[in-house]
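> Below are the chains, spelled out letter by letter.
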Amino acid sequence: MSTTDQGPPGPDWETIQQSAEFTQLRRRLRGFVFPMTIAFLAWYLLYVLLSDYAHEFMATKVFGNIDIGLIFGLLQFVSTFLITSLYVRHANRKLDPVADKIRADVEGGAQK
Amino acid sequence: MKLAAGVEGSNTWLNIGIFGLFVVITLVIVFRASRTSKTAVDYYAAGHSFTGAQNGVAISGDYLSAASFLGIAGAIAVNGYDGFLYSIGFLVAWLIALLLVAELLRNTGKYTMGDVLAFRMRQRPVRAAAATSTLVVSFFYLLAQMAGAGGLVALLLNIENKAGQALVIAVVGIVMILYVIIGGMRGTTWVQIIKATLLIAGAFLMTVWVLGKYGFNLSSLLGAAVERVGEGGAALLDPGKQYGATGVSRLDFVSLALALVLGTAGLPHILMRFYTVPTAKEARKSVVWAIWLIGIFYLFTLVLGYGAGALVGADVISAAPGGVNSAAPLLAYALGGTVLLGIIAAVAFATILAVVAGLTITASASFAHDIYANVIKKGEADDKEAEVRVARITALVIGAVAIGGGIIANGQNIAFLVALAFAVAASANLPTILYSLFWKGFNTRGALWSIYGGLIVCVGLIIFSPAVSGGEKSMFPSVDFHWFPLSNPGLVSIPVAFLLGYIGSKTSKESDEKKYAEMEVRSLTGAGAEKAVSH
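Quick note, the sequences are listed as chains W and P, same order.
Reminder that position 106 of the first sequence reads as 106 in our numbering, one-by-one numbering, no gaps.
Reminder that position 401 of the second sequence reads as 401 in our numbering, one-by-one numbering, no gaps.
Bear in mind the hints are in silico, worked out from the structure with no lab data behind them.
Ideal Cβ placement from N, Cα and C applies to all residues, glycine included.
Worth double-checking, as some hints may not be accurate.
Derived CB-CB ranges, DEER-like [what the hints assert, rightly or not]:
1) P:456 <-> W:24: 52 to 58 Å
2) P:319 <-> W:35: 48 to 54 Å
3) P:323 <-> W:24: 51 to 57 Å
4) P:478 <-> W:42: 42 to 48 Å
5) P:217 <-> W:60: 19 to 25 Å
6) W:63 <-> P:441: 50 to 56 Å
7) P:31 <-> W:64: 49 to 55 Å
8) W:60 <-> P:441: 46 to 52 Å
Only chain W is shown next, with the shape it has when bound in the complex (with noise of 0.2 Å):
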């Protein structure tokens, strides 16, 4: 979409990214997620690779006729929900206050 429609002058995006503030806010935006991914997607690459190349070891029987297979895709699902919770957690704490202090400090400017 663009700008141009916004009217005169808008905030000056240049100083807003540079400032204290605005680099705080993202540096612990991608400080939480981009760790995150790597580690989720290498948690799922092995079990991946596991359940493809080591069948034996996916076969073995912990207890009755559930498997190390079995208990490793349920720990995806396990970890998928814990991710997500964290994520909350951390977002709800560290981000958005930073990120609604920011905006209301832009919005108000550009009203004036």
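Knowing the structure of chain W, use the given hints to seat chain P on it.
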């Protein structure tokens, strides 16, 4: 004789009656919703006015297609553990949407994926590219759903001849067009919410029922499934039954796993759902709801799949009309007789109907908003009514194409079409979205190379893969022009698309620091984002 195994006990009129009731109720709701759908933002994004929870339920409705419900339950019943692997890929994929895409997309766009790309690049070429890949992904996904409807008709309504099936596909298509044209995004969202509730409730009921039969002991259920197969049944519980055969089939599995996990966050009908909520925080909430609902639903399908294996039997399922797709309906009959079969059959139909409606509105929005309003009219058409009119006409055309395609593709290999849609989404859409949101150096050439390159490589490799020719399960089994060994191209086409986006950007001098600054601040803070419309 084969038919008897599939529909024994099925009461056609009961099935049609329950399904008809669903259609009537949803149509009434869609009509009511349409009274507040007047403007472009209503038609495309339901006025950005749904809550996170509502949208989360609707996302799971959009995502849990017939492939998820019938396909995965059937795959687990017949192939055991290897079927379970699908559901894990489909679920883990949501973390990419949650962590990297949903909120930033909501903050920087308005209605479509093209909006995000056009933010800091040359509008017309990138919008045309985004709309092209949206239409291609939607088309393959649509075709898969409509082709699945034909098989389902055979199983559930006892309609065996092709003409009768074609008629039902046409009726399904017409109802879906009505949803979209009358209700716009608001009506379609309500259809998704109702359908998701019915589907999850139905699966929950059957899961408890199956577990109850085995004393709520998963291990006994697995044991019963193994016993039912008899000799060699133990393989059901271990990985490798379907994909472990050869080195190539194992590599094919890695390729599929990659396409599944990276495809979801590039599916246009999923991306568009993030615009139906008022803020990025609500977009986050909707993904969280979706992850829980989808995850729990896939745990149900694990029980349903092994339950069908134990109570119906893989041999009976494979022999039934509809093949593996009939596992869940047959299990319903084994558990609750004619009535439960009728309910589950109606839910399965509702599932196809709702997913098709979601795809149609996405494709029509992309055409009207990106191509008509911004490429053809160069963004100068202030007449938003004309844009929505074009969107409605496009929905009509896409609906007609889907009906025609569904009739032609009736009986084709559904899984191949769905996997193709995911591979194209992961190759053509995801790299561009991620680069655009996170990389300052990304520019128009990078976007075009990545989208068109990913699209061409992905579709090209599919055409020359064993999925299309040269194998027993191919689309054209009688000819052989395949040279690419894998059925799923993701392992090659996804890295190629990322690489093309990088090289394209590096070789172009275009760079707009100011625009990137604006996009980054807005994407992270929500400043200046599209607000909800109140009525």
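> Now look at each hint and say whether the structure bears it out.
Hints versus structure:
no. : hint                       : result
1   : P:456 <-> W:24: 52 to 58 Å : violated (42 Å)
2   : P:319 <-> W:35: 48 to 54 Å : holds (50 Å)
3   : P:323 <-> W:24: 51 to 57 Å : holds (56 Å)
4   : P:478 <-> W:42: 42 to 48 Å : holds (43 Å)
5   : P:217 <-> W:60: 19 to 25 Å : holds (20 Å)
6   : W:63 <-> P:441: 50 to 56 Å : holds (53 Å)
7   : P:31 <-> W:64: 49 to 55 Å  : holds (53 Å)
8   : W:60 <-> P:441: 46 to 52 Å : holds (48 Å)
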